[in-house]
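J.: Here is how the chains run, residue by residue.
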Amino acid sequence: MRKDLILHFGALAILLFLELLGVFSDYHQGNFARILVLAAYGIGYNVLFGYTGLLSLGHALFFSAGLYASGLSIYHLDYNVGQSLILAICFSAFFSLVIGYLALRTVGVSFMIVTLMFSQVGYLCILYFGGITRGDEGIVIQQSSRVFLSLDLSDPTIRYYAALIIFSLCLIFNLWIAKSSFGRVLIAIRENSDRALMLGYNVHLYKLFAVIISGTISGLAGACYGILFGYVGASFAAVPYSIFPLLWVLIGGVGTVLGPLVGAIFMFYLIDYASDITDAYMIIVGITLLVVTLYARRGLLGELRYRYFKWIP
Amino acid sequence: MDTLDNILLYTENISKNFQGIKAVNNVNFKIYKNEIRALIGPNGAGKTTFVSLLCGRINASAGKVVFCGEDISDLPVFERISNGIGYTFQITSIFVNLTVYENVALAIRKDNSNGEENSVSEVLSKVGLLDRIEQRSGDLSYGHQRLLELAMGMAQKPKLLILDEPTQGLSDSEIENFKKLIKDISSSTTILLIEHNMDVVMSIADNISVLHFGEIIADGDKETIQNDPIVQKAYLGD
Amino acid sequence: MDLGPYLLFASLEGLVHAAVLSLIALGLSLVFGVMRIVNVAHGEFFMLGAILAWWVSSFVLGNPALGFLLALLVAPIIAGIIAMFSDWLILKHLKYDPEATIIATIGILYIIQQAALMTFGPDARPVEQPFNVRLDLYWFGFSAYKFFVIFASIILLLSVWLVMAKTKFGLLLRATQLDSETAQAFGIPISTVYSLVFGAGAAIAAVGAVLIVPIQQAHYLMGGEPLLLAFIVVIIGGLGSLRGTVAAAVLIGMSDGIISVFFSPTLAKILATLLVVFVLLIRPNGLFGTAKV
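Protein chains in written order, with this note's numbering: chain A, 1 to 313; chain B, 1001 to 1238; chain C, 2001 to 2293.
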């Protein structure tokens, strides 16, 4: 069998057996369920940043688009989980198309500024329309609404498996993209977009597709996060949730399929630990960003790929 | 001779101004099918700008470009290239972090007839890089990178291949190899060659156009150009 | 109050917004113009200016004007020095690569913000107005201090323009902006120029903060909103164009102030972003921008 398949399915198998063998305490089981959904978000982010080379500073916009599309439809319209997920996916895709079209009218640093700006305004919109979204306070999704195929998604074990399934789907999709000729063009755009254009690729359209794929995965992850953990709040649309996926990807490895998972595990526990010590735990995020940009630009898996294992996708 | 049928590409009064400076001025240019045309001229004559107007890297200020009988002036660059104009860069522009294979595969875009791997191997064996197919292209020597750049041009199977100073910075033996390769490619493709090295031009070009201060000052076969008093004046100065 | 006077009142409030926003956006634009980098931590230097103003003025008892003047002098200098230090410690080593720099300045943002939280705590801190005079404008009274804010901002904008246009240092800046490699070849000490510019950008934002803090209070999270507005301004005005920045800042600041008075500050920001969308659709390089960024 191929090495890359062994690596990735092996990682998924480990995540499965950790649960089957009961290795997790309740606390870590809950944490890992969160990490898996967040890592799926990181995969979505990585499609744009790691593979296409477009640095977005506003992905919380897409994460919260999915989160609110599903959460609000359950809360106000009594959608069931399946319906709300479909709505969230459709809405995220459409929303990424619009935002991508606008943001891609700029290039370089302007793209980064514009994404950050749109995302901030998304956050403000959630606050402004507090009558629907309940603003800062947010919405709690009742346990009775969090049932899918008669499975109670608020049950910690079922929740873990659900998170693992979501993560696995995103990971396999990412793996497929990385290996496809479509993904190769995205990488070509990242490496040298001028050359990609001069080889006859419609670079702009590819970038737009990358935004849509990235935004839709992020939105799906957001929707799942709300449903699995029962809370939809404005804090998920704020700046930190745009910075986290960037950080996971940078730590785990830019443009690697498993990088976001590695980064999310590391940062989740680091922040968990730091927040016990100080209220100013976000300083950890700042320090890590600096350390990574100064000393470890490729991230863990990126470095491994560069030095030893060229085949890591 | 001058029927539309054997003209591959022509321009009508094409111009490009950069902030008031006429880099290319009212150029009427024709290239015939299956010829090797050299485009020469002193530094700063506007050669790279001119070919950039043909393939659409730069938008013309005025005038039009007709390729295979179709006006392509308003087409974006990627459509011109997928219509059959290939361009290789003056400054080597390959994907340095990707393998030689991936570079050529990207240039092929889509090939349903032959299978990607076969097509890549075929092109690479022509330029003699087959044994380096899995190498990271940034690790190649400069000469090999130039060959890869040429291979990427060939892999596109263009109707018109624009080579922007392909032999720049190469050794004499490498240049000999390049001349052979270009001759080889020209059996299936029309070639527009920007070149400083007059030895290369004289040995492989069928016809020569001379660009000077953004204008074509002479057009014709080698003897005509060599004996043209205007060209001599432009090159030698007055 | 009738609509007319109410509109006048809102416009005056808008002018105060516009004045301070011009300073913040000018700092951002200056740094981008010369160094070709975007400083995401810019809002935190603004916040630092405000908190330092509170800190400095709390030492000076007696006449609040004395504390204010001291803050106006000290806070921008400290903010500038911290900015220069982060340039020297971090940005220089990234060789000002646009992407790495933007990520690093996000890191700096959190470090400054959280350090402020650790040092000064989470409370909002008021600073007393240096002089408490209300001008009677017939329909309503308006704080004379707010006029002073507008006036002081204009003076500062003019002096930045004078420095850029008339001094040798300004010439160095413009040369570096046009072509940093050639400038270096002609013996301009690029890394010193960069440090100074980065420091100056932060200091200008800090001045804006010192001016506004007697009206607004200092808080460790106050940097986010001006950063958002400054980004809106530079995208509309065209990144790196100082004239465009000031023009857009007046436009956005005025409308922000007016809409805030009539409706809500949040709605003002949402509408400003819609304007950005509009600008992106018709002129992606900004209303005053020419060069591609």
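If you're looking for bench data, these hints aren't it; they were derived computationally from the structure. Note that the Cβ used here is the ideal one computed from N, Cα and C, for glycine as well. A few of these clues could be false.
Unchecked claim - Derived coverage of chain C by chain A (criterion: at least 3 residues anywhere in the stretch with Cβ under 8 Å from a Cβ of chain A; other residues may be distant):
{"no.": "1", "region": "2053–2060"}
{"no.": "2", "region": "2245–2256"}
{"no.": "3", "region": "2264–2276"}
What the hints assert, rightly or not - Under the rule of at most 27 Å between Cα atoms (straight-line distance), these lysine-lysine pairs were calculated in the DSS-like manner:
{"no.": "4", "chain 1": "B", "residue 1": "K1233", "chain 2": "B", "residue 2": "K1022"}
{"no.": "5", "chain 1": "B", "residue 1": "K1159", "chain 2": "B", "residue 2": "K1126"}
{"no.": "6", "chain 1": "A", "residue 1": "K310", "chain 2": "A", "residue 2": "K3"}
{"no.": "7", "chain 1": "B", "residue 1": "K1222", "chain 2": "B", "residue 2": "K1179"}
{"no.": "8", "chain 1": "A", "residue 1": "K310", "chain 2": "B", "residue 2": "K1110"}
{"no.": "9", "chain 1": "C", "residue 1": "K2095", "chain 2": "C", "residue 2": "K2168"}
{"no.": "10", "chain 1": "B", "residue 1": "K1159", "chain 2": "A", "residue 2": "K179"}
{"no.": "11", "chain 1": "A", "residue 1": "K179", "chain 2": "B", "residue 2": "K1030"}
{"no.": "12", "chain 1": "B", "residue 1": "K1030", "chain 2": "B", "residue 2": "K1180"}
J.: So, for every hint listed, does it hold in this structure?
T.: Against the structure, the hints:
no.	hint	verdict
1	2053–2060	violated (count 0)
2	2245–2256	violated (count 0)
3	2264–2276	holds (count 7)
4	B/K1233 x B/K1022	holds, 21 Å
5	B/K1159 x B/K1126	holds, 18 Å
6	A/K310 x A/K3	holds, 11 Å
7	B/K1222 x B/K1179	holds, 17 Å
8	A/K310 x B/K1110	holds, 25 Å
9	C/K2095 x C/K2168	holds, 25 Å
10	B/K1159 x A/K179	violated, 30 Å
11	A/K179 x B/K1030	violated, 43 Å
12	B/K1030 x B/K1180	holds, 25 Å
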